[in-house]
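Student: From just these sequences and the hints, can you work out the full model?
Protein chains in written order, with my numbering: chain A, 271 to 652; chain B, 271 to 652; chain C, 271 to 652.
Heads up, a few of these hints could be off.
Covered by chain B, per the in silico footprint, the following chain C stretches (three or more residues, Cβ under 8 Å) [as the list claims (entries may be wrong)]:
1) 325 to 331
2) 347 to 359
3) 391 to 397
Bear in mind the hints are in silico, worked out from the structure with no lab data behind them.
Note that beta-carbon positions come from the ideal geometry of N, C-alpha and C, so glycine has one too.
Single-letter residue listing:
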Amino acid sequence: MNDGKYRKTLPAGAYYDPLNHRRELQSIWYRQWLCIGRADDWMDPGEFRRVRVGAEQVIITLAEDRSLHAFHNTCRHRGSQLCAADSGTFSNGRIVCPYHAWSYSLKGELRHAPRTTPSDSIELQDFPLYPVALEVWRGFVFINLDPANRTLEQALGAEADNLAAWPLEDLRRVHQEKHCLAANWKIFWENYLECYHCPGVHPDLCQLVPIYREGWFDYRDARPETARESPLNPVADQLHTMLRPGAVTWSDDGTTELPWFRDLGERERAAGMTFSTFVPTMFLVAHVDYVRTVRVLPVGPQETELNVDWYVHRDVVGHPKLEVERLTNFGSRVVREDARVCELNQQGILCGWHEHGVLLERENHVFEFQQWVRRCLGEPGG
Amino acid sequence: MNDGKYRKTLPAGAYYDPLNHRRELQSIWYRQWLCIGRADDWMDPGEFRRVRVGAEQVIITLAEDRSLHAFHNTCRHRGSQLCAADSGTFSNGRIVCPYHAWSYSLKGELRHAPRTTPSDSIELQDFPLYPVALEVWRGFVFINLDPANRTLEQALGAEADNLAAWPLEDLRRVHQEKHCLAANWKIFWENYLECYHCPGVHPDLCQLVPIYREGWFDYRDARPETARESPLNPVADQLHTMLRPGAVTWSDDGTTELPWFRDLGERERAAGMTFSTFVPTMFLVAHVDYVRTVRVLPVGPQETELNVDWYVHRDVVGHPKLEVERLTNFGSRVVREDARVCELNQQGILCGWHEHGVLLERENHVFEFQQWVRRCLGEPGG
Amino acid sequence: MNDGKYRKTLPAGAYYDPLNHRRELQSIWYRQWLCIGRADDWMDPGEFRRVRVGAEQVIITLAEDRSLHAFHNTCRHRGSQLCAADSGTFSNGRIVCPYHAWSYSLKGELRHAPRTTPSDSIELQDFPLYPVALEVWRGFVFINLDPANRTLEQALGAEADNLAAWPLEDLRRVHQEKHCLAANWKIFWENYLECYHCPGVHPDLCQLVPIYREGWFDYRDARPETARESPLNPVADQLHTMLRPGAVTWSDDGTTELPWFRDLGERERAAGMTFSTFVPTMFLVAHVDYVRTVRVLPVGPQETELNVDWYVHRDVVGHPKLEVERLTNFGSRVVREDARVCELNQQGILCGWHEHGVLLERENHVFEFQQWVRRCLGEPGG
Numbered sequence: 271m272n273d274g275k276y277r278k279t280l281p282a283g284a285y286y287d288p289l290n291h292r293r294e295l296q297s298i299w300y301r302q303w304l305c306i307g308r309a310d311d312w313m314d315p316g317e318f319r320r321v322r323v324g325a326e327q328v329i330i331t332l333a334e335d336r337s338l339h340a341f342h343n344t345c346r347h348r349g350s351q352l353c354a355a356d357s358g359t360f361s362n363g364r365i366v367c368p369y370h371a372w373s374y375s376l377k378g379e380l381r382h383a384p385r386t387t388p389s390d391s392i393e394l395q396d397f398p399l400y401p402v403a404l405e406v407w408r409g410f411v412f413i414n415l416d417p418a419n420r421t422l423e424q425a426l427g428a429e430a431d432n433l434a435a436w437p438l439e440d441l442r443r444v445h446q447e448k449h450c451l452a453a454n455w456k457i458f459w460e461n462y463l464e465c466y467h468c469p470g471v472h473p474d475l476c477q478l479v480p481i482y483r484e485g486w487f488d489y490r491d492a493r494p495e496t497a498r499e500s501p502l503n504p505v506a507d508q509l510h511t512m513l514r515p516g517a518v519t520w521s522d523d524g525t526t527e528l529p530w531f532r533d534l535g536e537r538e539r540a541a542g543m544t545f546s547t548f549v550p551t552m553f554l555v556a557h558v559d560y561v562r563t564v565r566v567l568p569v570g571p572q573e574t575e576l577n578v579d580w581y582v583h584r585d586v587v588g589h590p591k592l593e594v595e596r597l598t599n600f601g602s603r604v605v606r607e608d609a610r611v612c613e614l615n616q617q618g619i620l621c622g623w624h625e626h627g628v629l630l631e632r633e634n635h636v637f638e639f640q641q642w643v644r645r646c647l648g649e650p651g652g
Numbered sequence: 271m272n273d274g275k276y277r278k279t280l281p282a283g284a285y286y287d288p289l290n291h292r293r294e295l296q297s298i299w300y301r302q303w304l305c306i307g308r309a310d311d312w313m314d315p316g317e318f319r320r321v322r323v324g325a326e327q328v329i330i331t332l333a334e335d336r337s338l339h340a341f342h343n344t345c346r347h348r349g350s351q352l353c354a355a356d357s358g359t360f361s362n363g364r365i366v367c368p369y370h371a372w373s374y375s376l377k378g379e380l381r382h383a384p385r386t387t388p389s390d391s392i393e394l395q396d397f398p399l400y401p402v403a404l405e406v407w408r409g410f411v412f413i414n415l416d417p418a419n420r421t422l423e424q425a426l427g428a429e430a431d432n433l434a435a436w437p438l439e440d441l442r443r444v445h446q447e448k449h450c451l452a453a454n455w456k457i458f459w460e461n462y463l464e465c466y467h468c469p470g471v472h473p474d475l476c477q478l479v480p481i482y483r484e485g486w487f488d489y490r491d492a493r494p495e496t497a498r499e500s501p502l503n504p505v506a507d508q509l510h511t512m513l514r515p516g517a518v519t520w521s522d523d524g525t526t527e528l529p530w531f532r533d534l535g536e537r538e539r540a541a542g543m544t545f546s547t548f549v550p551t552m553f554l555v556a557h558v559d560y561v562r563t564v565r566v567l568p569v570g571p572q573e574t575e576l577n578v579d580w581y582v583h584r585d586v587v588g589h590p591k592l593e594v595e596r597l598t599n600f601g602s603r604v605v606r607e608d609a610r611v612c613e614l615n616q617q618g619i620l621c622g623w624h625e626h627g628v629l630l631e632r633e634n635h636v637f638e639f640q641q642w643v644r645r646c647l648g649e650p651g652g
Numbered sequence: 271m272n273d274g275k276y277r278k279t280l281p282a283g284a285y286y287d288p289l290n291h292r293r294e295l296q297s298i299w300y301r302q303w304l305c306i307g308r309a310d311d312w313m314d315p316g317e318f319r320r321v322r323v324g325a326e327q328v329i330i331t332l333a334e335d336r337s338l339h340a341f342h343n344t345c346r347h348r349g350s351q352l353c354a355a356d357s358g359t360f361s362n363g364r365i366v367c368p369y370h371a372w373s374y375s376l377k378g379e380l381r382h383a384p385r386t387t388p389s390d391s392i393e394l395q396d397f398p399l400y401p402v403a404l405e406v407w408r409g410f411v412f413i414n415l416d417p418a419n420r421t422l423e424q425a426l427g428a429e430a431d432n433l434a435a436w437p438l439e440d441l442r443r444v445h446q447e448k449h450c451l452a453a454n455w456k457i458f459w460e461n462y463l464e465c466y467h468c469p470g471v472h473p474d475l476c477q478l479v480p481i482y483r484e485g486w487f488d489y490r491d492a493r494p495e496t497a498r499e500s501p502l503n504p505v506a507d508q509l510h511t512m513l514r515p516g517a518v519t520w521s522d523d524g525t526t527e528l529p530w531f532r533d534l535g536e537r538e539r540a541a542g543m544t545f546s547t548f549v550p551t552m553f554l555v556a557h558v559d560y561v562r563t564v565r566v567l568p569v570g571p572q573e574t575e576l577n578v579d580w581y582v583h584r585d586v587v588g589h590p591k592l593e594v595e596r597l598t599n600f601g602s603r604v605v606r607e608d609a610r611v612c613e614l615n616q617q618g619i620l621c622g623w624h625e626h627g628v629l630l631e632r633e634n635h636v637f638e639f640q641q642w643v644r645r646c647l648g649e650p651g652g
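Tutor: Here it is as structure tokens:
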């Protein structure tokens, strides 16, 4: 094989080498904005949740003024863990270390170090909890372990604009699934970023979204030269229709009995599915009746945690036609189909004779993703 | 201890250091011919078996023309695993990758990469499955992960000649045992290559094979100076008799009710046991009524897989006196006795104060084996 | 935070880095005297016990002359493990290797290497078992893996003097608990060496030992300037009284129904508790009626084995008021309370943002311990 002739993937070691994984944690996961839930996951001041990002544990808690704050789960005195539980409540507005009872405000300020003597000359302001940046965007909570990062708004960029017509602030979660994926986090994204695998892997999805049968995401990708003039599906072209005739959303039969989001335009309604992608942390699919997110967290070089959430408008929460299974069956099956091939990909990449894979034109988004990874790591060619 | 005075074993780290193990995989296990079964383990075209060699997975499959072929278990496109099962059948003469449906012939040629576009300019001949060499010798299937190796015949060498009188092509397996040995693969071979441990470890075997009570493999080893003239056992000397009077094979009582292989000479019949040794992959013991093999595969620095197989002539398969337990009890017990002391040896070698063991004259074959290992690794003194 | 302003702990990696752990094994655990039990744990000649110290296994056995001897658990011939059991008996005064039957005396001398030939020219005195030093101090058995160490007496130093009034030789163990602590061994000792955590972690202990409520070990520490003149507790000062009025020992109600050790002075009786500390291996608390020891062994960078033993005078063993639960409840609870916070400390230290903790004046003993560790490792500042 003439190596220069084809566009190569990342080298195989990028998917399993522990040192490379540590570099990616430092250069990507500890520097990017990461979505870790919804602001209404916290009800009362003092409630906390613990999130693991790679090797780190972050505590997110609600302060008395209802602002959210995030910290590393470690006391500044001798490094004891503050919370051993995944969620709970700090009493009396204080985070008290279980070891020597140093106590911090819900915003992470050290308020009291018991029994210090004058000769210790402890100044409380020298010992705040190790801070983690936190911002809320339209109800979604993002954290960033790098205090010197750009703003969340810059990070979200144009992808956020796709969702302008959806009332994201008013969503309520109605279902959640956690998957432990036995694959590197990049394999998850590479799978997401191409539809070449769709015909073989997602038979039901290909029935619902006809262009996927061709292994393309979009009619315009499929016929780049002739997009406008195509006789194949001119209506689809203009309105960006994605679903098969008669279908309006991702569900087993393509229909819904739930009310539609009110402010969608003709284009969003016709499309039936609108994706927004926030690499590396999350993608979101907005339908006429519900929104689904898939959040990604790295656990180890060959292990990734996926959190899949289904949301409806808060006014729909008590709706008589809202059935969780009807809402979630279809998307849940697609996630499991993808998880299976991601895990196969991980296993095959471990072959010591496999140095690189090869990327086709229809895997352009995968290539762009890999270039972004290379750039994040400061590698040549990125 | 005067270190120069005694012949030393390999250094202790050779038996547990992960980096040394990786070097041995590269220099030995990925370059030597390895026996992985019998040709008749594959019945119909498309059947496959998966074998693990160190960190690698190899698929062996039967083509339409009944030739066997071996490949790494990885697709050339993006590196997906091809088979997640240990055995099965490829349908329609095609190995189809479960991810993007690239499909290969049963000989490993890429036959179809679906939905490629002209701009991809994929040339199918550039992407065969990563090949593994395969040859069949008298019914035994050998693979070699190094495409530039010498031929199997050269590798088998003179050891193969011992077996000329046995109809190896006509053997049929009647029993198989798999052992997971908690010891380095070299400890298995070192144990096999000396009989010094026999008196203490194999009481029944020493009853059956009297010279083993002396801790020697052979009367000629035992009395190198006086072999020919020995008054001790002149018949044994000439015919190389090994078994105690009245015994004809390895079984609990030394007898057999099965017919004997037809073409054995007086010498092979008198010996009652004929060993052929193919380091590192297999040894074979041929008796008058059955043949036993022990195949070896490295799993990790301190873990080795053993496959023990018992074979009879295909005409004996339905014989009324063929009882599996009677056939296998004796050899199975010997394997378990060896496994126990191999695992003790592994544990004791982990002692940080133990740098080297010492080898006696009767451990000459162990020394030669260790020299061979040193040579394979390109080490001085090998 | 002005880093120069505060006294810093060891760097976080000292508590989890595997390479650092290996250095500590070599520089500390394989060079210090380690208490591994009581001489009367061995009844008859030939009895042995196996002890693990880091990655090493040591056999301790009783010889015919009732002297104890310690060796690495590895044969000098090819490195086989000698004993696969944690305790047992060597028959006939011989330690016989299970592999090739080399046999050693109970003092570790090679006595017989079977079937050697003249050309092997084996000299038995060249192959004693790898020796481990062993000394008995007042009934306690200590071993040392470094043959060139200073004497046990020097190592015990002045701490041993605290215990002069107790009949340590005449103690008998009445209860034993083993704890597997998910924390680095240094975290165990740091916890032991400060009482700052007592108020929050040990409520019952603080009821029994009033000064602990202040987070100090001792009235003299608490009031260094005014120790002698203190109006607070002049009797306590002079007699070093530690327990609350009415209490005489560590028990749930502070009382005992057992006879007191006979030769205690007024001071030892008044104190009610006398600690002796033998870093890194053991501490001992002597009460008026019983003695408790906690022995420490490193298992891995984040795992430590604790053995807690309760002893009474041998004449008390059959005493009608001797109830094991009444004797052990209190101390056992304190150990479990400490274990919990040690494990929290270990977890929190894993945070990648935590480089160092900070030490207060009342953590002076922790600082001295960390300086000792630094010196053992030959590090600057130690």
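Student: Are any of the numbered hints broken by this structure? If so, which, sorted upward?
Tutor: none
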